[in-house]
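Protein chains in written order, with this note's numbering: chain P, 561 to 890; chain R, 561 to 890.
Please keep in mind that the hints were generated in silico from the structure rather than gathered at the bench. Note that the structure is a prediction, hence the values are computed from the model and not measured. Idealized CB from N, CA, C, for every residue including glycine. Hints are not guaranteed to be accurate.
Negatives, chain R to chain P, calculated, CB over 10 Å [stated by the list, open to error]:
1. Thr621
2. Gly694
3. Thr707
4. Pro708
5. Leu722
6. Gly804
7. Lys805
8. Val845
9. Glu883
Covered, in the sense of this in silico footprint (three residues per stretch, anywhere, with C-beta under 8 Å from a C-beta of chain R), are these stretches of chain P [to be verified]:
10. 715-726
11. 839-845
The list that follows gives simulated cross-link-like pairs (lysine-lysine, DSSO-like), each with its CA atoms no further than 30 Å apart [claimed, not checked]:
12. R:Lys751 / R:Lys631
13. R:Lys805 / R:Lys698
14. R:Lys751 / P:Lys805
15. R:Lys859 / P:Lys729
16. R:Lys631 / P:Lys859
17. P:Lys698 / R:Lys631
18. P:Lys859 / R:Lys859
19. P:Lys859 / P:Lys698
20. R:Lys698 / P:Lys729
21. R:Lys805 / R:Lys631
22. P:Lys698 / R:Lys698
23. P:Lys748 / R:Lys729
24. R:Lys805 / R:Lys751
25. P:Lys751 / R:Lys805
2 protein chains.
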Amino acid sequence: MRVLITGGTGFIGRRLALTLLERGRLADGSGNARPVDAVTLFDVTAPAVPLPADPRLSLRTGDIGDPATVKALFGNDVGCVYHLAAVVSAGAEQDFDLGIRVNLEGTRNVLEASRALGTAPTVVLASSVAVYGGDMPKVIGDDFHTTPTTSYGIQKAASELLVNDYSRKGFVDGRALRLPTVVVRPGKPNKAASTWASSIIREPLNGEEAVCPVPPEQEMWLLSARKAVDAFVRAAELPAEAWGKNRTVALPGITRTVRQMVKALGNVAGKAATARIRWQPDPFVQRIIDGWPTRFAPKRGLALGFTADDRFEDVIQAFIEDELGGRFVA
Amino acid sequence: MRVLITGGTGFIGRRLALTLLERGRLADGSGNARPVDAVTLFDVTAPAVPLPADPRLSLRTGDIGDPATVKALFGNDVGCVYHLAAVVSAGAEQDFDLGIRVNLEGTRNVLEASRALGTAPTVVLASSVAVYGGDMPKVIGDDFHTTPTTSYGIQKAASELLVNDYSRKGFVDGRALRLPTVVVRPGKPNKAASTWASSIIREPLNGEEAVCPVPPEQEMWLLSARKAVDAFVRAAELPAEAWGKNRTVALPGITRTVRQMVKALGNVAGKAATARIRWQPDPFVQRIIDGWPTRFAPKRGLALGFTADDRFEDVIQAFIEDELGGRFVA
Numbered sequence: 561m562r563v564l565i566t567g568g569t570g571f572i573g574r575r576l577a578l579t580l581l582e583r584g585r586l587a588d589g590s591g592n593a594r595p596v597d598a599v600t601l602f603d604v605t606a607p608a609v610p611l612p613a614d615p616r617l618s619l620r621t622g623d624i625g626d627p628a629t630v631k632a633l634f635g636n637d638v639g640c641v642y643h644l645a646a647v648v649s650a651g652a653e654q655d656f657d658l659g660i661r662v663n664l665e666g667t668r669n670v671l672e673a674s675r676a677l678g679t680a681p682t683v684v685l686a687s688s689v690a691v692y693g694g695d696m697p698k699v700i701g702d703d704f705h706t707t708p709t710t711s712y713g714i715q716k717a718a719s720e721l722l723v724n725d726y727s728r729k730g731f732v733d734g735r736a737l738r739l740p741t742v743v744v745r746p747g748k749p750n751k752a753a754s755t756w757a758s759s760i761i762r763e764p765l766n767g768e769e770a771v772c773p774v775p776p777e778q779e780m781w782l783l784s785a786r787k788a789v790d791a792f793v794r795a796a797e798l799p800a801e802a803w804g805k806n807r808t809v810a811l812p813g814i815t816r817t818v819r820q821m822v823k824a825l826g827n828v829a830g831k832a833a834t835a836r837i838r839w840q841p842d843p844f845v846q847r848i849i850d851g852w853p854t855r856f857a858p859k860r861g862l863a864l865g866f867t868a869d870d871r872f873e874d875v876i877q878a879f880i881e882d883e884l885g886g887r888f889v890a
Numbered sequence: 561m562r563v564l565i566t567g568g569t570g571f572i573g574r575r576l577a578l579t580l581l582e583r584g585r586l587a588d589g590s591g592n593a594r595p596v597d598a599v600t601l602f603d604v605t606a607p608a609v610p611l612p613a614d615p616r617l618s619l620r621t622g623d624i625g626d627p628a629t630v631k632a633l634f635g636n637d638v639g640c641v642y643h644l645a646a647v648v649s650a651g652a653e654q655d656f657d658l659g660i661r662v663n664l665e666g667t668r669n670v671l672e673a674s675r676a677l678g679t680a681p682t683v684v685l686a687s688s689v690a691v692y693g694g695d696m697p698k699v700i701g702d703d704f705h706t707t708p709t710t711s712y713g714i715q716k717a718a719s720e721l722l723v724n725d726y727s728r729k730g731f732v733d734g735r736a737l738r739l740p741t742v743v744v745r746p747g748k749p750n751k752a753a754s755t756w757a758s759s760i761i762r763e764p765l766n767g768e769e770a771v772c773p774v775p776p777e778q779e780m781w782l783l784s785a786r787k788a789v790d791a792f793v794r795a796a797e798l799p800a801e802a803w804g805k806n807r808t809v810a811l812p813g814i815t816r817t818v819r820q821m822v823k824a825l826g827n828v829a830g831k832a833a834t835a836r837i838r839w840q841p842d843p844f845v846q847r848i849i850d851g852w853p854t855r856f857a858p859k860r861g862l863a864l865g866f867t868a869d870d871r872f873e874d875v876i877q878a879f880i881e882d883e884l885g886g887r888f889v890a
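Input sequences plus hints: build the corresponding full structure.
So, in structure tokens, the structure goes:
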């Protein structure tokens, strides 16, 4: 079967694609292991870093907000769709209409094209803890309501609802993952309000200065890239019965202050690395971040077998291995 | 100013219109009392019962799912929009695409047309306790998550999210009411899965047989038509600060079993009336109803000054006064 990954040239999409090609198989929601014969990455532009030369891997570019473009991606061989394409948090906040088009209409287009296949393919949505917001308890439980205070969060929450209903109707076999902030991302900062959470680790390891727009006591709910990719594979393979009526799950993560993150960086790479962080408060970023919860009791996620990281040092070490070829600037 | 009521020829829309015309004023979210100079009812067809002859009252018909049609309804004088147009629960379950078009795209069209005015008009959305579903506690609190198990519920939950975000962005001054099942509706049964809750009162009072598709022990969360109209007026007039970040509220209601409802009918109209109810289980209706919660702790709604009914006999008596001209068949 073919796996389609929207937003596929992004960091997670790319790693997920390589993981699936390496595995060579992916179970569906009925427990049938299916060969992964092809992986199509769809994104708005071609990747900055060329894709590996694998005849099973292909790239398509276009606008996820255009129904015909999305429909044209879906051949009858598509068995699983990972829908990662999104305008990220600060981006959707700055351009409301673009956020609606990509994050809400994009999801609808993916669900409609999946439905049109008539085979109820697996659809895994990348959602986010940004679906929470407003007045929150100190620890968020699985049945706490979603009253997001960002457009990105609203669009993801609405997308989750649609994934649930398309699944209930039997149009798709959907699953939605509420991802913590994924660290450490390679490459350049993006428009996510959380982009600094990667920058403050990545740039110092590259011998560059990083700007941290939030104070050391800021807490974040975090997940490593490795665990995120594992979660996307697991999400597709879990039997439909395991999900029941609710196809959304908040993934387990770890809560760390920025201070703890920086300390871990020091433990891995030394004080010269941490000295490359410049602390410069940004009220726009802070206002978005303030709306995000940082502590969870993700019982359902744990019961479904998703796992969090242990030590933050290990998260940094994994980044060095996976993305920096094992080298960093001390 | 003009008040626009979508779904305006329905039972609640009509009564709301007449109430607003009688009041002659409606405050906005800043506390300014504004004269109601005109009320436009928009609906898919003209009403079966002619509208009263009031020069301030006008009717427009069309498709709420068509953006241009909706935009054309919005003159610069529109200060408040009541968005009641919807494909009801069983209807949206039977025709998924129609439900999406009317209940989700319709809300988007109303919000976009309101936003285009540039005056941030008041928008009051009729939502529903159908936004709840799945695994639920015995009593639903205000911060319980919405995992609906009907397309109608999903579409309403997504609409609430959009009302919240359009309000947060300052595009509209939105409010969304999670209505209990409103009883007693006049006229004929509709496609709502709860339509029998009115039928079992209305038809016997008219000397006609009613079919009850659920057993006597079935509980329902109920609100009278009078209280519902009061709530729509109050929702528009509450200051924006009172709502805070969350523009959605679950309205207070009362929990009654069908047995209690029928007993109240007997108390008001006698045993001959209750004998006109025929008990005939309907699995399709039961399956939808089973997904609805029946007990709530609506603290926020009460704090915002919304009120529930007291005796169910009074609800029936009010229906007899308001809709039957004080007469019924004993």
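Hint check results:
1. Against chain P, the non-interface label of threonine 621 (chain R) holds: every CB pair exceeds 10 Å, the least being about 27 Å.
2. Look at glycine 694 (chain R): its CB is around 4 Å from the nearest CB on chain P, not clear of 10 Å, so calling it non-interface is violated.
3. A cut-off of 10 Å between C-beta atoms contradicts the statement that threonine 707 (chain R) is not in contact with chain P; the least separation is 5 Å.
4. A cut-off of 10 Å between C-beta atoms contradicts the statement that proline 708 (chain R) is not in contact with chain P; the least separation is 7 Å.
5. Here leucine 722 (chain R) does not stay apart from chain P, with its beta-carbon only about 7 Å from theirs, under the 10 Å limit.
6. A beta-carbon of chain P comes within 10 Å of the beta-carbon of glycine 804 (chain R); the shortest separation is about 8 Å.
7. Not every CB of chain P lies more than 10 Å from the CB of lysine 805 (chain R), the least distance being 4 Å, so the non-interface label is violated.
8. The claim that valine 845 (chain R) lies off the interface holds: its Cβ sits roughly 17 Å from the closest Cβ of chain P, which is beyond the 10 Å cut-off.
9. Separation of glutamate 883 (chain R) from chain P is adequate, the least Cβ-Cβ distance of about 35 Å exceeding the 10 Å criterion.
10. Taking a C-beta to C-beta cut-off of 8 Å, the segment 715-726 of chain P contributes 6 residues in contact with chain R, enough for the three needed, and the coverage statement holds.
11. Coverage of the segment 839-845 of chain P by chain R is violated in this model, with 0 residues showing a Cβ closer than 8 Å to a Cβ of that chain against a need of three.
12. Simply put, lysine 751 (chain R) and lysine 631 (chain R) have alpha-carbon atoms about 28 Å apart, close enough for the 30 Å limit, and the pair holds.
13. The hinted pair formed by lysine 805 (chain R) and lysine 698 (chain R) meets the criterion: a straight-line CA distance of about 27 Å does not exceed 30 Å.
14. In summary, the hint linking lysine 751 (chain R) to lysine 805 (chain P) is supported, as the alpha carbons are separated by about 24 Å, within the 30 Å threshold.
15. A hinted pair counts as satisfied when its Cα atoms are at most 30 Å apart, and lysine 859 (chain R) with lysine 729 (chain P) does not qualify at roughly 34 Å.
16. Between lysine 631 (chain R) and lysine 859 (chain P), the direct Cα distance comes to roughly 46 Å. Violation of the 30 Å bound is thereby established for this hinted pair.
17. With a C-alpha separation of about 43 Å, the suggested pair lysine 698 (chain P) and lysine 631 (chain R) falls outside the 30 Å cut-off, and the hint is violated.
18. Restraint check for lysine 859 (chain P) and lysine 859 (chain R): the C-alpha separation of about 27 Å stays at or below 30 Å, so the hint holds.
19. For the given pair, lysine 859 (chain P) sits about 16 Å from lysine 698 (chain P) by alpha-carbon distance, which is consistent with the 30 Å threshold.
20. With a C-alpha separation of about 26 Å, the suggested pairing of lysine 698 (chain R) with lysine 729 (chain P) holds against the 30 Å cut-off.
21. Under the criterion of a C-alpha separation no larger than 30 Å, the hint pairing lysine 805 (chain R) with lysine 631 (chain R) is consistent with the structure, at around 27 Å.
22. Of the supplied pair hints, the one linking lysine 698 (chain P) and lysine 698 (chain R) holds, its CA atoms being roughly 24 Å apart against a limit of 30 Å.
23. Annotation: proposed proximity of lysine 748 (chain P) to lysine 729 (chain R) holds, straight-line Cα distance about 29 Å (limit 30 Å).
24. Simply put, lysine 805 (chain R) and lysine 751 (chain R) have alpha-carbon atoms about 34 Å apart, too far for the 30 Å limit, and the pair is violated.
25. At most 30 Å may separate the alpha-carbon atoms for a hinted pair to count; lysine 751 (chain P) and lysine 805 (chain R) meet this at roughly 24 Å.
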